[in-house]
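Number of protein chains: 2
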Amino acid sequence: MTDANETPLREAGSTFLPKYTSDGLIAAIVQHAESGEVLMFAYMNAESLAATRATGRAHFWSRSRGKLWLKGETSGHYLAVQKILVDCDQDALVLKVLPAGPACHTGAPTCFYRELGPDGLSRLG
Amino acid sequence: MTDANETPLREAGSTFLPKYTSDGLIAAIVQHAESGEVLMFAYMNAESLAATRATGRAHFWSRSRGKLWLKGETSGHYLAVQKILVDCDQDALVLKVLPAGPACHTGAPTCFYRELGPDGLSRLG
Numbered sequence: 001m002t003d004a005n006e007t008p009l010r011e012a013g014s015t016f017l018p019k020y021t022s023d024g025l026i027a028a029i030v031q032h033a034e035s036g037e038v039l040m041f042a043y044m045n046a047e048s049l050a051a052t053r054a055t056g057r058a059h060f061w062s063r064s065r066g067k068l069w070l071k072g073e074t075s076g077h078y079l080a081v082q083k084i085l086v087d088c089d090q091d092a093l094v095l096k097v098l099p100a101g102p103a104c105h106t107g108a109p110t111c112f113y114r115e116l117g118p119d120g121l122s123r124l125g
Numbered sequence: 001m002t003d004a005n006e007t008p009l010r011e012a013g014s015t016f017l018p019k020y021t022s023d024g025l026i027a028a029i030v031q032h033a034e035s036g037e038v039l040m041f042a043y044m045n046a047e048s049l050a051a052t053r054a055t056g057r058a059h060f061w062s063r064s065r066g067k068l069w070l071k072g073e074t075s076g077h078y079l080a081v082q083k084i085l086v087d088c089d090q091d092a093l094v095l096k097v098l099p100a101g102p103a104c105h106t107g108a109p110t111c112f113y114r115e116l117g118p119d120g121l122s123r124l125g
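Line by line, the protein sequences are chains A and B. At position 49 of the first sequence the residue is numbered 49 (full-length UniProt numbering), and the sequence of numbers has no breaks. At position 6 of the second sequence the residue is numbered 6 (full-length UniProt numbering), and the sequence of numbers has no breaks.
None of these hints come from the bench; they were simulated from the model. One should not assume that every hint holds.
Derived CB-CB ranges, DEER-like [said to hold, decoys possible]:
{"no.": "1", "chain 1": "A", "residue 1": "THR15", "chain 2": "B", "residue 2": "ALA12", "range": "40 to 50 Å"}
{"no.": "2", "chain 1": "A", "residue 1": "GLY56", "chain 2": "B", "residue 2": "LEU124", "range": "12 to 22 Å"}
{"no.": "3", "chain 1": "B", "residue 1": "SER22", "chain 2": "A", "residue 2": "PHE16", "range": "24 to 34 Å"}
{"no.": "4", "chain 1": "B", "residue 1": "GLY36", "chain 2": "A", "residue 2": "SER122", "range": "17 to 27 Å"}
{"no.": "5", "chain 1": "A", "residue 1": "GLY13", "chain 2": "B", "residue 2": "SER14", "range": "38 to 48 Å"}
{"no.": "6", "chain 1": "B", "residue 1": "LEU70", "chain 2": "A", "residue 2": "LEU68", "range": "31 to 41 Å"}
{"no.": "7", "chain 1": "B", "residue 1": "ALA54", "chain 2": "A", "residue 2": "GLU34", "range": "34 to 44 Å"}
{"no.": "8", "chain 1": "B", "residue 1": "GLY125", "chain 2": "A", "residue 2": "SER35", "range": "12 to 22 Å"}
{"no.": "9", "chain 1": "B", "residue 1": "SER14", "chain 2": "A", "residue 2": "SER75", "range": "18 to 28 Å"}
{"no.": "10", "chain 1": "A", "residue 1": "THR7", "chain 2": "B", "residue 2": "LYS67", "range": "18 to 28 Å"}
{"no.": "11", "chain 1": "A", "residue 1": "LEU98", "chain 2": "B", "residue 2": "GLY76", "range": "33 to 43 Å"}
Using 30 Å as the maximum straight-line C-alpha spacing, the simulated DSS-like pairs for lysine-lysine come out as follows [as the list claims (entries may be wrong)]:
{"no.": "12", "chain 1": "A", "residue 1": "LYS19", "chain 2": "B", "residue 2": "LYS67"}
{"no.": "13", "chain 1": "A", "residue 1": "LYS83", "chain 2": "B", "residue 2": "LYS83"}
{"no.": "14", "chain 1": "B", "residue 1": "LYS19", "chain 2": "B", "residue 2": "LYS67"}
{"no.": "15", "chain 1": "A", "residue 1": "LYS67", "chain 2": "A", "residue 2": "LYS19"}
{"no.": "16", "chain 1": "B", "residue 1": "LYS83", "chain 2": "B", "residue 2": "LYS67"}
{"no.": "17", "chain 1": "B", "residue 1": "LYS83", "chain 2": "B", "residue 2": "LYS19"}
{"no.": "18", "chain 1": "A", "residue 1": "LYS83", "chain 2": "A", "residue 2": "LYS67"}
{"no.": "19", "chain 1": "B", "residue 1": "LYS19", "chain 2": "A", "residue 2": "LYS67"}
{"no.": "20", "chain 1": "B", "residue 1": "LYS19", "chain 2": "A", "residue 2": "LYS19"}
{"no.": "21", "chain 1": "A", "residue 1": "LYS83", "chain 2": "A", "residue 2": "LYS19"}
A virtual CB, placed ideally from N, CA and C, is assigned to each residue, including glycine.
Hey, can you work out the whole structure from these sequences and the hints?
What follows is the structure in structure tokens.
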């Protein structure tokens, strides 16, 4: 449901009014709180956002497994959330975190370990 | 279409195999190339990604308007793309950019100008 007052309230207000997709998800960008490196990208639903805020550890919604996902639950590589930023229209979050280990399941420090060039991907670093 | 070889190829290969959603979109995180600040979050489709790579200016897909969107086309606040990073499963991009002006349509330097606290949102800076 939208009305004429919704956009100004979302953009300028101090009320948290997350705009979930029709699937109940909000985009979550995970950034290293100190280096500023973007570590990973995932989605949260209301439940995972509430669990993140309650515990200080990043929880997401696993679209592939269809369940709540505590990042690090098997690896121990938890993400300690220092801050959560919200964008203008409240459909995306930035989580500023201190990671307990590599953020990527491949073992790389960040999921964004390749650069796109004219001829394809090249590994960074 | 998926097969057993798809995941390793996507994660370890040098071939760009973007994984679009069923709507034909890929997540695009825009980060300042120098400060590391996350500036905005949007989606691209194959057309906007191709236009971005061809021109060096960030193009997105406007879900609200249902059309190709050259960021800055009305404001002049183009985003000059320095690098494009790709994540492990190739369903998200980081665009490292130099912005010609405020990245947010509200006039803020970044769309992420508020922090989520226990009692709601507070403006940063």
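Going through the hints against the structure:
1. Range check, THR15 of chain A to ALA12 of chain B: about 44 Å between beta-carbon atoms, so the 40 to 50 Å window is met.
2. Look at GLY56 of chain A against LEU124 of chain B: about 20 Å separates their beta carbons, and that is inside 12 to 22 Å.
3. Judged by the Cβ atoms, the range 24 to 34 Å given for SER22 of chain B and PHE16 of chain A holds: they are separated by roughly 29 Å.
4. About 21 Å separates the C-beta atoms of GLY36 of chain B and SER122 of chain A, a value consistent with the hinted range of 17 to 27 Å.
5. In this structure the hint that GLY13 of chain A and SER14 of chain B lie 38 to 48 Å apart at CB holds, the actual value being about 46 Å.
6. Distance hint for LEU70 of chain B and LEU68 of chain A: a CB-CB separation of about 38 Å, consistent with the stated range 31 to 41 Å.
7. A hinted range of 34 to 44 Å for the beta carbons of ALA54 of chain B and GLU34 of chain A is consistent with their spacing of about 36 Å.
8. For the pair GLY125 of chain B and SER35 of chain A, the beta carbons lie near 20 Å from each other, so the given range of 12 to 22 Å is met.
9. Here the CB-CB span from SER14 of chain B to SER75 of chain A is close to 26 Å, well matched to the stated 18 to 28 Å.
10. Judged by the Cβ atoms, the range 18 to 28 Å given for THR7 of chain A and LYS67 of chain B holds: they are separated by roughly 19 Å.
11. The hint said 33 to 43 Å for the Cβ distance between LEU98 of chain A and GLY76 of chain B, and at roughly 38 Å that hint holds.
12. For the hint pairing LYS19 of chain A with LYS67 of chain B, the CA-to-CA distance comes to about 21 Å; that is within 30 Å, so the pair holds.
13. About 26 Å separates the Cα atoms of LYS83 of chain A and LYS83 of chain B, which keeps this hinted pair within 30 Å; it holds.
14. For the suggested pair LYS19 of chain B and LYS67 of chain B, the alpha carbons sit about 20 Å apart, so the restraint of at most 30 Å is met.
15. Taking the CA atoms of LYS67 of chain A and LYS19 of chain A, the gap is near 20 Å; set against the 30 Å cutoff, the hint holds.
16. Among the hinted pairs, LYS83 of chain B with LYS67 of chain B is consistent with the structure: their alpha-carbon atoms are about 24 Å apart, no more than 30 Å.
17. Simply put, LYS83 of chain B and LYS19 of chain B have alpha-carbon atoms about 19 Å apart, close enough for the 30 Å limit, and the pair holds.
18. A C-alpha spacing of about 24 Å is found between LYS83 of chain A and LYS67 of chain A, which places the hinted pair at or below 30 Å, so the restraint holds.
19. Restraint check: the Cα-Cα separation between LYS19 of chain B and LYS67 of chain A comes to about 21 Å, which is no more than 30 Å; the hinted pair holds.
20. Restraint check for LYS19 of chain B and LYS19 of chain A: satisfied, since their Cα atoms lie roughly 24 Å apart, inside the 30 Å limit.
21. Under the criterion of a C-alpha separation no larger than 30 Å, the hint pairing LYS83 of chain A with LYS19 of chain A is consistent with the structure, at around 19 Å.
Hint compliance for this structure: every hint is met.
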